[in-house]
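Number of protein chains: 2
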Amino acid sequence: MTRQLHLNAFLMQNGHHEAAWRHPDTDPKRATTLQHYVELARTAERGKLDSLFLADGVALWGNVRYNSHNLFEPLTLLSALAGATEHIGLIATASTTYNEPYHLARKFASLDHLSGGRAGWNIVTSAGKDEALNFNRDARPAHELRYERATEFIEVVKKLWDSWEDDAAVIDKASGVYADTDLIHPIDHVGEHFQVRGPLNVPRPVQGHPLLVQAGSSETGKEYAARYAEAVFTAQQTFEEGKAFYDDVKARLGRHGRTPDEIKILPGISPILGRTEAEAREREAELNALITPEYGVRQLSNLLDHDLAGYPLDGPLPDVGTFTEGQQSRFDLVTGLARRENLTIRQLIERLAGGRGHRVFAGTPVQVADQLEHWFTAGAADGFNIMPPTLPGGLTDFVDLVVPELQRRGLFRTEYSASTLRGHYGLARPATRVKEHAA
Amino acid sequence: MTRQLHLNAFLMQNGHHEAAWRHPDTDPKRATTLQHYVELARTAERGKLDSLFLADGVALWGNVRYNSHNLFEPLTLLSALAGATEHIGLIATASTTYNEPYHLARKFASLDHLSGGRAGWNIVTSAGKDEALNFNRDARPAHELRYERATEFIEVVKKLWDSWEDDAAVIDKASGVYADTDLIHPIDHVGEHFQVRGPLNVPRPVQGHPLLVQAGSSETGKEYAARYAEAVFTAQQTFEEGKAFYDDVKARLGRHGRTPDEIKILPGISPILGRTEAEAREREAELNALITPEYGVRQLSNLLDHDLAGYPLDGPLPDVGTFTEGQQSRFDLVTGLARRENLTIRQLIERLAGGRGHRVFAGTPVQVADQLEHWFTAGAADGFNIMPPTLPGGLTDFVDLVVPELQRRGLFRTEYSASTLRGHYGLARPATRVKEHAA
Numbered sequence: 001m002t003r004q005l006h007l008n009a010f011l012m013q014n015g016h017h018e019a020a021w022r023h024p025d026t027d028p029k030r031a032t033t034l035q036h037y038v039e040l041a042r043t044a045e046r047g048k049l050d051s052l053f054l055a056d057g058v059a060l061w062g063n064v065r066y067n068s069h070n071l072f073e074p075l076t077l078l079s080a081l082a083g084a085t086e087h088i089g090l091i092a093t094a095s096t097t098y099n100e101p102y103h104l105a106r107k108f109a110s111l112d113h114l115s116g117g118r119a120g121w122n123i124v125t126s127a128g129k130d131e132a133l134n135f136n137r138d139a140r141p142a143h144e145l146r147y148e149r150a151t152e153f154i155e156v157v158k159k160l161w162d163s164w165e166d167d168a169a170v171i172d173k174a175s176g177v178y179a180d181t182d183l184i185h186p187i188d189h190v191g192e193h194f195q196v197r198g199p200l201n202v203p204r205p206v207q208g209h210p211l212l213v214q215a216g217s218s219e220t221g222k223e224y225a226a227r228y229a230e231a232v233f234t235a236q237q238t239f240e241e242g243k244a245f246y247d248d249v250k251a252r253l254g255r256h257g258r259t260p261d262e263i264k265i266l267p268g269i270s271p272i273l274g275r276t277e278a279e280a281r282e283r284e285a286e287l288n289a290l291i292t293p294e295y296g297v298r299q300l301s302n303l304l305d306h307d308l309a310g311y312p313l314d315g316p317l318p319d320v321g322t323f324t325e326g327q328q329s330r331f332d333l334v335t336g337l338a339r340r341e342n343l344t345i346r347q348l349i350e351r352l353a354g355g356r357g358h359r360v361f362a363g364t365p366v367q368v369a370d371q372l373e374h375w376f377t378a379g380a381a382d383g384f385n386i387m388p389p390t391l392p393g394g395l396t397d398f399v400d401l402v403v404p405e406l407q408r409r410g411l412f413r414t415e416y417s418a419s420t421l422r423g424h425y426g427l428a429r430p431a432t433r434v435k436e437h438a439a
Numbered sequence: 001m002t003r004q005l006h007l008n009a010f011l012m013q014n015g016h017h018e019a020a021w022r023h024p025d026t027d028p029k030r031a032t033t034l035q036h037y038v039e040l041a042r043t044a045e046r047g048k049l050d051s052l053f054l055a056d057g058v059a060l061w062g063n064v065r066y067n068s069h070n071l072f073e074p075l076t077l078l079s080a081l082a083g084a085t086e087h088i089g090l091i092a093t094a095s096t097t098y099n100e101p102y103h104l105a106r107k108f109a110s111l112d113h114l115s116g117g118r119a120g121w122n123i124v125t126s127a128g129k130d131e132a133l134n135f136n137r138d139a140r141p142a143h144e145l146r147y148e149r150a151t152e153f154i155e156v157v158k159k160l161w162d163s164w165e166d167d168a169a170v171i172d173k174a175s176g177v178y179a180d181t182d183l184i185h186p187i188d189h190v191g192e193h194f195q196v197r198g199p200l201n202v203p204r205p206v207q208g209h210p211l212l213v214q215a216g217s218s219e220t221g222k223e224y225a226a227r228y229a230e231a232v233f234t235a236q237q238t239f240e241e242g243k244a245f246y247d248d249v250k251a252r253l254g255r256h257g258r259t260p261d262e263i264k265i266l267p268g269i270s271p272i273l274g275r276t277e278a279e280a281r282e283r284e285a286e287l288n289a290l291i292t293p294e295y296g297v298r299q300l301s302n303l304l305d306h307d308l309a310g311y312p313l314d315g316p317l318p319d320v321g322t323f324t325e326g327q328q329s330r331f332d333l334v335t336g337l338a339r340r341e342n343l344t345i346r347q348l349i350e351r352l353a354g355g356r357g358h359r360v361f362a363g364t365p366v367q368v369a370d371q372l373e374h375w376f377t378a379g380a381a382d383g384f385n386i387m388p389p390t391l392p393g394g395l396t397d398f399v400d401l402v403v404p405e406l407q408r409r410g411l412f413r414t415e416y417s418a419s420t421l422r423g424h425y426g427l428a429r430p431a432t433r434v435k436e437h438a439a
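Note that the protein sequences, when read in sequence, are chains W and U. Sequential numbering from 1 applies to the first sequence in UniProt numbering. Sequential numbering from 1 applies to the second sequence in UniProt numbering.
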């Protein structure tokens with residue numbers, strides 16, 4: 001079988017275009033119900049997609065005056081979707097900066113057990129300024145400190161997942177032995193940030209470890225991904241940038257004792273579909289016309305950590321200095337895009353409105369499939385993070401129009417061949433590392 | 001309509017009797033699947049019960065060598081059950097000692113939204129010794145300190161739930177206004193334990209506030225319940241003790257500006273059912289015969305914070321001193337029971353095996369209904385926390401045999417008349433308190 005690509009559906013309430021909720025195709029009140037998400041999950045599963053993904057933050061995002069927000073907390077929502085689906089992977093975002101490893105190890109193990117091995121964790125370090133203020137702090141911890149904590153955090157979580165060996169649950173009614181406690185070990189972790197005795201109060205997850213996903217694109221972020229991540233979500237505007245990122249991350253794996261196929265790199269793409277190219281572009285223009293400029297300026301100001309409210313919309317992006325805090329890679333991407341293409345603030349807002357820095361591509365299903373195939377076969381992607389501009393319509397169109405085209409080309413599965421999220425991504429189940437601790 | 005009682009199904013993997021998993025009626029492997037819990041939830045809903053409840057701790061409980069443990073984390077499991085049910089309330093345990101208020105406010109709001117107003121929170125302060133060791137501590141915080149933190153914790157959570165006023169979500173496509181930000185307020189909480197700016201990143205829960213449940217029976221615990229709880233789970237061995245507890249808690253409400261009907265008191269009962277009383281007793285003996293004494297001794301030692309491993313099983317309970325740490329009320333209950341009835345260690349273990357200190361009653365459906373009616377009409381209960389000895393059988397029997405008897409007597413609903421958990425318990429939806437903060 002030829003190498004096949006992997007597809008993740010990145011769900012967001014009304015879609016990824018910031019004006020999606022205002023478009024006639026969306027129903028933003030229905031989008032606040034569980035039923036909306038059940039429908040999306042089933043559509044993605046009908047398309048045989050590898051996984052669903054939910055972003056998250058622990059503060060109110062952006063300006064809710066002008067845009068919808070994620071209503072549901074990802075772990076609770078994905079648990080509800082676990083019962084409504086059978087195959088598709090379920091990836092939830094959770095922060096290592098504002099959580100404790102015992103809780104997250106437990107919750108992801110729980111999601112993995114109740115979904116039969118379909119849980120994934122998108123590890124974030126919470127770059128937002130506002131998040132710190134909800135967790136007993138006056139400011140976010142510095143970038144390097146966040147990653148230091150994230151490193152110890154994931155080590156603790158993996159030890160907890162391994163604290164029950166695979167065969168620990170014996171469940172023998174006759175002898176009265178429920179679990180072989182010789183195979184259950186405290187982890188006795190004592191580190192810089194955490195002191196955790198363990199063991200976890202849940203047997204080893206179905207997948208051994210739920211799938212680990214990461215999206216950091218800074219130097220530290222890429223190094224973290226190369227060490228721990230098994231799938232990487234990334235925002236890349238051009239093929240060249242995408243290829244450079246892909247080669248960079250894959251090249252880093254060796255020094256962590258990993259092979260290039262142990263990590264799947266999935267650039268984001270927001271496909272705006274039409275029967276003709278003209279129809280697709282018309283649809284894009286329709287969405288852009290619904291943008292509230294005040295909202296766009298505020299989002300851009302947050303992204304660049306620089307207040308743009310006083311500048312003319314149709315003038316150039318002023319000097320925003322150099323990166324200070326937040327997401328370095330997104331800062332570079334946005335300022336690079338503005339300079340390279342000489343965009344006005346309004347044009348820049350429009351370019352970002354579709355995917356917050358992720359690539360937006362308007363075209364026919366065949367043109368979209370061409371793009372995916374090109375990046376995939378020319379070494380810039382192992383698959384894609386699909387970010388429909390509107391929901392549910394944009395996902396239904398992708399599943400009904402683009403997926404069959406990819407299947408015809410032999411690039412994508414026509415049936416699920418595995419039962420776990422790791423299985424869909426072609427990744428091995430980690431062996432238990434517990435014996436070292438037990439020695 | 002006459003006053004009606006409230007029934008909660010307290011779910012546990014194989015049932016509440018500690019030897020349940022060894023009984024021929026249970027299937028302990030199936031009990032580790034989501035489908036087991038879906039079936040239990042649907043059975044309880046068929047019986048028109050008010051709610052389901054899941055206990056929890058953040059360390060491995062008891063000795064898993066001899067007994068099953070809760071596999072799933074309550075919030076993730078109840079989210080999965082939300083999609084599988086339509087009416088029944090969903091009450092999850094979560095600790096105020098090892099969590100942050102922003103996370104719990106968010107997760108319970110999320111469960112409330114996705115279940116259409118059926119979320120409840122059983123507030124615990126984590127008395128266990130082992131839990132502290134999983135959260136960067138060498139020992140559990142002292143009882144009073146835990147309750148101090150719990151008090152500030154619940155105040156922060158309520159402010160966060162109220163940080164969006166009820167009408168904040170406008171969702172007007174034409175004007176482009178998604179939310180009226182004049183109705184969304186930071187909470188700017190700065191206290192002894194927490195500094196939280198807010199607002200929450202979720203609109204106000206369907207119920208205003210998810211139902212607040214508590215089970216503390218110490219002096220501080222009862223005072224906390226009287227101030228905040230809307231339902232109270234409690235372990236009471238005799239009618240007299242139950243009545244004294246009921247009167248005590250109800251009498252405390254006035255000084256918190258609350259009326260007695262604002263709190264529902266639900267003593268636990270594990271009903272062991274038989275077609276005849278003899279059959280019920282035989283079933284109880286059958287379960288007790290499956291107890292592993294080593295397990296019972298260990299559980300009892302933990303409960304009393306006193307190592308009983310060296311004492312003869314058929315001798316009396318030795319002097320265990322006075323209460324030191326852990327659960328004062330459970331210590332008093334257990335030592336009181338042993339002294340009052342002159343029980344040997346083995347007999348005490350058998351008495352506790354059915355419900356860990358909760359009342360066990362073996363009898364016919366009519367006898368069980370008589371007991372419930374007596375406690376209910378004579379002022380010792382507003383309803384009951386039903387703890388089936390085995391699952392699913394014990395719950396199915398209760399629903400099929402006892403519920404119809406209660407319905408015939410006019411003591412229990414024959415159909416749901418409300419759509420929220422608060423509605424089932426006859427409790428009002430709290431008005432938003434946000435205006436005070438906004439002034």
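Please keep in mind that the hints were generated in silico from the structure rather than gathered at the bench. Be aware that one or more of the hints could be misleading.
What the hints assert, rightly or not - Going by beta-carbon spacing under 10 Å, a handful of chain U positions derived as facing chain W:
| # | residue |
| --- | --- |
| 1 | R22 |
| 2 | P24 |
| 3 | T26 |
| 4 | D56 |
| 5 | L78 |
| 6 | A80 |
| 7 | Y98 |
| 8 | E100 |
| 9 | N136 |
| 10 | A168 |
| 11 | H193 |
| 12 | G357 |
| 13 | Q407 |
| 14 | L411 |
Beta carbons: idealized from backbone N, C-alpha and C, even for Gly.
Against the structure, the hints come out as follows:
1. Because the smallest distance between the Cβ of R22/U and any Cβ of chain W comes to about 5 Å, under 10 Å, the interface hint for this residue holds.
2. The closest approach between the C-beta of P24/U and any C-beta of chain W is roughly 8 Å, which is under the 10 Å cut-off, so the hint is satisfied.
3. At about 9 Å, the closest approach between the beta carbon of T26/U and any beta carbon in chain W falls short of 10 Å, and the interface hint on this residue holds.
4. For D56/U, the shortest C-beta to C-beta distance to chain W is roughly 9 Å, which falls under 10 Å, so the interface hint holds.
5. The interface hint given for L78/U is met, as the beta carbon of that residue sits about 8 Å from the closest beta carbon of chain W, less than 10 Å.
6. Interface hint at A80/U: satisfied, since its Cβ lies 5 Å from the closest Cβ of chain W, which is below the 10 Å cut-off.
7. Satisfaction of the interface hint for Y98/U is found here, the shortest Cβ-Cβ separation to chain W being roughly 7 Å, below the 10 Å cut-off.
8. At its closest, the beta carbon of E100/U sits 6 Å from a beta carbon of chain W; the interface hint therefore holds under the 10 Å criterion.
9. With its C-beta approaching chain W no nearer than about 5 Å, N136/U sits inside the 10 Å limit, and its interface hint holds.
10. Interface restraint check: A168/U against chain W, minimum CB-CB distance 8 Å, threshold 10 Å, status holds.
11. Checking H193/U against chain W: minimum C-beta separation of about 8 Å stays under 10 Å; hint holds.
12. A distance limit of 10 Å between C-beta atoms decides the matter here; for G357/U the minimum to chain W is near 21 Å, and the interface restraint is violated.
13. The restraint placing Q407/U at the interface with chain W is violated, with a minimum CB-CB distance near 30 Å, outside the 10 Å limit.
14. Contact between L411/U and chain W, as hinted, is not supported at the beta carbon level, the nearest pair being about 33 Å apart and thus beyond 10 Å.
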